[in-house]
Amino acid sequence: MAAVITSAGRYQHSARAQAFLDQVESGKYNRQIITGLGKFLDGSAPNEMRTLYSAAELKSLAQLKGSVRDVEKRMPVKVTQHYFELARNSPSLQTLIKASPKETEDLSGAPDPGKQMDYSPVEGLIHKYELGLIYVASTCSAHCRFCYREELIAGKEVERPDGTVAPKGLAEIGSIVAYIQQHNSEVARNGGRHPQTGRERLREILMSGGDPMVLANKNLAAWWSALAEAGIENIRVGTKELAFFPERFDRTFFAMLDHFHQAYPGVRLRMMVHFNHPDEFLKKDVSGQYYDDPEGGLQWVAATKRAIVELGKREWLTIDNQAPIINGINNDPDVLRIMQRELRRNRVENHYFFCGRDIIGHKAFNVPIEEAWRILNQSQKGLSGVETHARLSITHYKGKTEVAAVTNQPLPGVPGTERGFVVLKLLRSAADAPHRGKVTIVGRNPEAIWFSGYDDRVIYDEAGLFTDVSQECGA
Amino acid sequence: MTFVVGENCIKCKHTDCVEVCPVNCFYEGPNMLVIHPDECIDCALCVPVCPVKAIYAGSDLPMDQAMFLDLNAQLATTWPSITVRKPALPDADRWNGEPGKRVLLER
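Listed in order, the protein sequences are those of chains A and B. For the first sequence, this note's numbering puts the final residue at 1767, and the numbers step up evenly by one. For the second sequence, this note's numbering puts the final residue at 358, and the numbers step up evenly by one.
Treat the hints loosely; a few may be bogus.
Rough simulated footprint, nothing fancy, chain B against chain A, three-plus residues with beta-carbon under 8 Å [unchecked claim]:
no.: 1; region: 1320 to 1328
no.: 2; region: 1418 to 1431
no.: 3; region: 1733 to 1745
Below are the DSS-like pairs computed for lysine-lysine, each with C-alpha atoms no more than 30 Å apart in a straight line [to be verified]:
no.: 4; chain 1: B; residue 1: Lys304; chain 2: A; residue 2: Lys1448
no.: 5; chain 1: A; residue 1: Lys1320; chain 2: A; residue 2: Lys1331
no.: 6; chain 1: A; residue 1: Lys1351; chain 2: A; residue 2: Lys1331
no.: 7; chain 1: A; residue 1: Lys1655; chain 2: A; residue 2: Lys1448
no.: 8; chain 1: A; residue 1: Lys1365; chain 2: B; residue 2: Lys304
no.: 9; chain 1: A; residue 1: Lys1605; chain 2: B; residue 2: Lys337
no.: 10; chain 1: A; residue 1: Lys1390; chain 2: A; residue 2: Lys1407
no.: 11; chain 1: A; residue 1: Lys1597; chain 2: A; residue 2: Lys1390
no.: 12; chain 1: A; residue 1: Lys1460; chain 2: B; residue 2: Lys337
no.: 13; chain 1: A; residue 1: Lys1460; chain 2: A; residue 2: Lys1357
no.: 14; chain 1: A; residue 1: Lys1460; chain 2: A; residue 2: Lys1407
no.: 15; chain 1: A; residue 1: Lys1510; chain 2: B; residue 2: Lys337
no.: 16; chain 1: B; residue 1: Lys304; chain 2: A; residue 2: Lys1331
no.: 17; chain 1: A; residue 1: Lys1320; chain 2: A; residue 2: Lys1407
no.: 18; chain 1: A; residue 1: Lys1673; chain 2: A; residue 2: Lys1575
no.: 19; chain 1: A; residue 1: Lys1673; chain 2: B; residue 2: Lys304
no.: 20; chain 1: A; residue 1: Lys1351; chain 2: A; residue 2: Lys1448
no.: 21; chain 1: A; residue 1: Lys1717; chain 2: A; residue 2: Lys1655
no.: 22; chain 1: A; residue 1: Lys1365; chain 2: A; residue 2: Lys1460
no.: 23; chain 1: B; residue 1: Lys304; chain 2: A; residue 2: Lys1510
no.: 24; chain 1: A; residue 1: Lys1331; chain 2: A; residue 2: Lys1357
no.: 25; chain 1: A; residue 1: Lys1730; chain 2: A; residue 2: Lys1717
no.: 26; chain 1: A; residue 1: Lys1510; chain 2: A; residue 2: Lys1448
no.: 27; chain 1: A; residue 1: Lys1394; chain 2: A; residue 2: Lys1365
no.: 28; chain 1: A; residue 1: Lys1390; chain 2: A; residue 2: Lys1460
no.: 29; chain 1: A; residue 1: Lys1673; chain 2: A; residue 2: Lys1407
no.: 30; chain 1: A; residue 1: Lys1576; chain 2: A; residue 2: Lys1597
no.: 31; chain 1: A; residue 1: Lys1357; chain 2: B; residue 2: Lys304
no.: 32; chain 1: A; residue 1: Lys1460; chain 2: B; residue 2: Lys304
no.: 33; chain 1: A; residue 1: Lys1394; chain 2: A; residue 2: Lys1357
Restraint-style ranges between C-beta atoms, simulated for each label pair [claimed, not checked]:
no.: 34; chain 1: B; residue 1: Pro341; chain 2: A; residue 2: Asn1381; range: 52 to 60 Å
no.: 35; chain 1: B; residue 1: Asp267; chain 2: A; residue 2: Gly1447; range: 14 to 22 Å
no.: 36; chain 1: A; residue 1: Arg1495; chain 2: B; residue 2: Pro331; range: 38 to 46 Å
no.: 37; chain 1: A; residue 1: Gln1554; chain 2: B; residue 2: Gln325; range: 40 to 48 Å
no.: 38; chain 1: A; residue 1: Thr1456; chain 2: B; residue 2: Arg336; range: 25 to 33 Å
no.: 39; chain 1: A; residue 1: Val1450; chain 2: B; residue 2: Thr329; range: 39 to 47 Å
no.: 40; chain 1: A; residue 1: Gln1488; chain 2: B; residue 2: Pro331; range: 47 to 55 Å
Just so you know, the hints here were simulated from the structure itself, not pulled from any lab data. We put the beta carbon where it would ideally sit given N, CA and C, even for glycine.
Excised from the complex, chain A in its bound form:
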């Protein structure tokens, strides 16, 4: 029996999928999560974890409670025991995980600068480029303070293009499969391009959230088999679980991977992992130094290494790291150099580094665009070519854009470039692909954290990043 969507919208797995699902065992995990500042404030957090916040820090956070500057309203506080242990000896990781009054000092920014809701044809799906992103979980094992999915994680209401306002919902298998099938059949009938959007067939789905790895194996397996049978060839899993709780990658998970590959040998898995800092996976001594591994490279945290090695054994999946460059966490060339080198040595490709978004509550984390480029470029000096594949990306409404070059040199005879210029290159347009490779050049603005910082100094705009959005919508 093929998979069907019943009239009630409930998805029924095919016999093939059911045979796979029957083999899946869901492990049990004790993440030892602490959620909320309350446990730190009332002293009920486990003894050793109480040291995460000083008395002065707790006092200043408590004073914000219930006000517009309440940091927990922006993003609930959440940390695993594993990450706490890593953060104990790492100021950078503490910045990532600890709530700070700085987060809500400057609340300027846009709720959704990437205009994601314009690309959401079905609840829980963002269809951009050739890729569909689905929200499958509304939480992670721990919460990065700089998270830009705060509307989903904190359950905030968002405005849709039709003007209605509601919390972002999660994707459901039935409706996502129906959308993929309908989209792909329209594409097929139209000779390979969608008649309205010009997009190609949906081949790839990115499972995101939240973190899909908080789901039980059986839930992951249900998604994967349904997506495979809907014609999806590549499934991405966006996860920070290797940093927050690597024990999640246990025997039952790898057994499920192997059963999946047996059942659907043509489908590729792309693990999109999220390490911000090498302290998230390298062992450190008390003075903060990493340990040399006598076999080469540096010594990893055992559980993380085990997970990476096991993932790496499966040739049908790839592992890519992508991470934003965040003030106080990884805005340091030496940190990024070590991270890129160690990841690549361990089969993790360095995919993207991102500029932070100009989103409400992010000013404390933003690194200016030109500074982020300098840090990444500096970090890649002295790396081998294969270790320097990562590019610096900034997500424009119109598509993913690379910050390709920043120079101090003026372009002779070109006004506006006296202090140097920035070269931006469109990697993918949001709707379809025709503008790939087009370039925009702007005069420098060392303070700019978003495209708007260059509105008054556009020199050349082949990519159309600064033309009127309303005219170009969907182009």
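Fit chain B to the known structure of chain A by using the hints.
Coordinates of chain B only, in the frame set by chain A:
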């Protein structure tokens, strides 16, 4: 924090929650379900699907339900896991909202 099944589950035991729980952290007793606090990942999916509004975020637990925090933790280690939905108890509708049900909890 964790999510907590409160008093109004007793003698109703609708099991809508177990189907949406991504980590299978519900455990089943004779006339009530509980959540294992160490396994719960605070995703909140179970709260809106409970027909009798018996599930609370630990931080929103009403004062008169405070005892259920420890009770969930304790019973989750002795009761069996439940992951598949089944019919509610026969008189679920009649018992919904009845005060003082905690004395009827069967272990």
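To see whether the hints hold, each was checked on the structure:
1. Requiring three or more residues with a Cβ within less than 8 Å of a Cβ of chain B, the coverage given for the region 1320 to 1328 of chain A holds, as 9 such residues are present.
2. For the region 1418 to 1431 of chain A, the stated coverage by chain B holds: 3 residues have a C-beta nearer than 8 Å to a C-beta of that chain, and at least 3 were required.
3. Counting residues of the region 1733 to 1745 of chain A whose C-beta lies closer than 8 Å to any C-beta of chain B gives 0; at least three are required, and the coverage claim is violated.
4. With a C-alpha separation of about 21 Å, the suggested pairing of Lys304/B with Lys1448/A holds against the 30 Å cut-off.
5. With a C-alpha separation of about 24 Å, the suggested pair Lys1320/A and Lys1331/A falls inside the 30 Å cut-off, and the hint holds.
6. Only pairs whose Cα atoms come within 30 Å are accepted, and Lys1351/A paired with Lys1331/A is accepted, the gap being roughly 13 Å.
7. Only pairs whose Cα atoms come within 30 Å are accepted, and Lys1655/A paired with Lys1448/A is accepted, the gap being roughly 19 Å.
8. Taking the CA atoms of Lys1365/A and Lys304/B, the gap is about 23 Å. The hint holds against a cut of 30 Å.
9. For the hint pairing Lys1605/A with Lys337/B, the CA-to-CA distance comes to about 40 Å; that exceeds 30 Å, so the pair is violated.
10. Proposed proximity of Lys1390/A and Lys1407/A is supported: the alpha carbons are some 28 Å apart, at most 30 Å.
11. Distance hint between Lys1597/A and Lys1390/A is fulfilled; the C-alpha atoms sit about 25 Å from each other, no more than 30 Å.
12. Under the criterion of a C-alpha separation no larger than 30 Å, the hint pairing Lys1460/A with Lys337/B is consistent with the structure, at around 29 Å.
13. The straight-line distance between the Cα atoms of Lys1460/A and Lys1357/A is roughly 25 Å, inside the 30 Å bound, and the hint therefore holds.
14. Our distance criterion of 30 Å between C-alpha atoms is met by Lys1460/A and Lys1407/A, whose separation comes to about 14 Å.
15. For the proposed pair Lys1510/A and Lys337/B, the alpha carbon gap of about 18 Å is at most 30 Å, so the pair holds.
16. Proximity of Lys304/B to Lys1331/A is assessed by CA-CA distance (about 25 Å); at most 30 Å being required, the pair is judged to hold.
17. Pair hint Lys1320/A plus Lys1407/A does not hold up; C-alpha atoms about 38 Å apart against a cutoff of 30 Å.
18. Taking the CA atoms of Lys1673/A and Lys1575/A, the gap is about 24 Å. The hint holds against a cut of 30 Å.
19. Taking the CA atoms of Lys1673/A and Lys304/B, the gap is near 58 Å; set against the 30 Å cutoff, the hint is violated.
20. For the proposed pair Lys1351/A and Lys1448/A, the alpha carbon gap of about 26 Å is at most 30 Å, so the pair holds.
21. Straight-line distance between C-alpha atoms of Lys1717/A and Lys1655/A comes to about 25 Å, which keeps the hinted pair within the 30 Å bound.
22. About 16 Å separates the Cα atoms of Lys1365/A and Lys1460/A, which keeps this hinted pair within 30 Å; it holds.
23. The hinted pair formed by Lys304/B and Lys1510/A meets the criterion: a straight-line CA distance of about 26 Å does not exceed 30 Å.
24. Between Lys1331/A and Lys1357/A, the direct Cα distance comes to roughly 14 Å. Compliance with the 30 Å bound is thereby established for this hinted pair.
25. Between Lys1730/A and Lys1717/A, the direct Cα distance comes to roughly 6 Å. Compliance with the 30 Å bound is thereby established for this hinted pair.
26. Of the pairs offered as hints, the one joining Lys1510/A and Lys1448/A holds, with about 28 Å between alpha carbons and a cut-off of 30 Å not exceeded.
27. Straight-line distance between C-alpha atoms of Lys1394/A and Lys1365/A comes to about 14 Å, which keeps the hinted pair within the 30 Å bound.
28. Taking the CA atoms of Lys1390/A and Lys1460/A, the gap is about 25 Å. The hint holds against a cut of 30 Å.
29. With a CA separation close to 35 Å, the supplied pair Lys1673/A and Lys1407/A exceeds the 30 Å bound.
30. For the hint linking Lys1576/A to Lys1597/A, the alpha-carbon distance of about 14 Å falls within 30 Å, and the restraint holds.
31. Note on Lys1357/A and Lys304/B: the hinted pairing holds, with a Cα-Cα distance of about 27 Å set against a maximum of 30 Å.
32. Between Lys1460/A and Lys304/B the alpha-carbon distance is near 21 Å, which keeps this suggested pair within the 30 Å criterion.
33. For a cut-off of 30 Å, the pair hint linking Lys1394/A to Lys1357/A stands: about 14 Å separates their Cα positions.
34. For the hinted restraint 52 to 60 Å between Pro341/B and Asn1381/A, the CB-CB distance of approximately 57 Å keeps it satisfied.
35. As the Cβ distance of Asp267/B to Gly1447/A is approximately 19 Å, the hint placing it in 14 to 22 Å holds.
36. Our hint of 38 to 46 Å for Arg1495/A and Pro331/B holds, since their Cβ atoms are close to 42 Å apart.
37. Our hint of 40 to 48 Å for Gln1554/A and Gln325/B holds, since their Cβ atoms are close to 41 Å apart.
38. In this structure the hint that Thr1456/A and Arg336/B lie 25 to 33 Å apart at CB holds, the actual value being about 31 Å.
39. Checked against the hint of 39 to 47 Å, the pair Val1450/A and Thr329/B passes, with Cβ atoms roughly 42 Å apart.
40. Range check, Gln1488/A to Pro331/B: Cβ separation about 52 Å, and the 47 to 55 Å hint holds.
In this structure, the hints that do not hold are numbers 3, 9, 17, 19 and 29, in rising order.
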